[in-house]
Amino acid sequence: MPTFGLGSLALLFVAIFLGLIWPVYPLASRIQPFVFGLPFSLFYVLSLVLLSFVVLWLYDHYLNHEEDR
Numbered sequence: 276m277p278t279f280g281l282g283s284l285a286l287l288f289v290a291i292f293l294g295l296i297w298p299v300y301p302l303a304s305r306i307q308p309f310v311f312g313l314p315f316s317l318f319y320v321l322s323l324v325l326l327s328f329v330v331l332w333l334y335d336h337y338l339n340h341e342e343d344r
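Numbering of the sequence shown is given in my numbering, commencing with residue 276 and proceeding in unit increments.
These are computed hints drawn from the structure, not numbers from a lab. Note that the Cβ used here is the ideal one computed from N, Cα and C, for glycine as well. Any given hint could be a false lead.
[Unchecked claim] What follows is a list of derived Cβ distance ranges for each label pair:
| hint | residue 1 | residue 2 | range |
| --- | --- | --- | --- |
| 1 | Pro314 | Phe292 | 19 to 27 Å |
| 2 | His340 | Pro314 | 20 to 28 Å |
| 3 | His340 | Leu313 | 20 to 28 Å |
| 4 | Ala303 | Val330 | 32 to 40 Å |
| 5 | Ala285 | Gly312 | 33 to 41 Å |
| 6 | Val289 | Tyr337 | 19 to 27 Å |
| 7 | Phe315 | Leu284 | 26 to 34 Å |
Between the sequences and the hints, there should be enough to build the whole structure, so can you do that?
What follows is the structure, given as structure tokens:
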């Protein structure tokens with residue numbers, strides 16, 4: 276398994292984890308403003324989950340593309 280980018284990927288997921296726990300999450304823990312009809316705190320959590328999904332998908336796509344060569 277290639278290790279290219281694993282350090283930066285791990286750093287990103289640590290940052291996402293820290294964004295979901297105290298003391299960072301209380302900064303976004305509010306109802307107003309509504310974003311796409313969702314309370315801001317729910318939008319914040321869903322955005323971080325979507326970000327982690329997209330980053331993992333791109334990393335997997337990159338690894339599979341490298342193996343095809």
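Quick rundown of the hints versus the structure:
{"no.": "1", "hint": "Pro314 / Phe292: 19 to 27 Å", "in the structure": "holds (22 Å)"}
{"no.": "2", "hint": "His340 / Pro314: 20 to 28 Å", "in the structure": "violated (38 Å)"}
{"no.": "3", "hint": "His340 / Leu313: 20 to 28 Å", "in the structure": "violated (34 Å)"}
{"no.": "4", "hint": "Ala303 / Val330: 32 to 40 Å", "in the structure": "violated (20 Å)"}
{"no.": "5", "hint": "Ala285 / Gly312: 33 to 41 Å", "in the structure": "holds (34 Å)"}
{"no.": "6", "hint": "Val289 / Tyr337: 19 to 27 Å", "in the structure": "holds (20 Å)"}
{"no.": "7", "hint": "Phe315 / Leu284: 26 to 34 Å", "in the structure": "holds (27 Å)"}
In this structure, the earlier hints numbered 2, 3 and 4 are contradicted, and the remaining ones agree with it.
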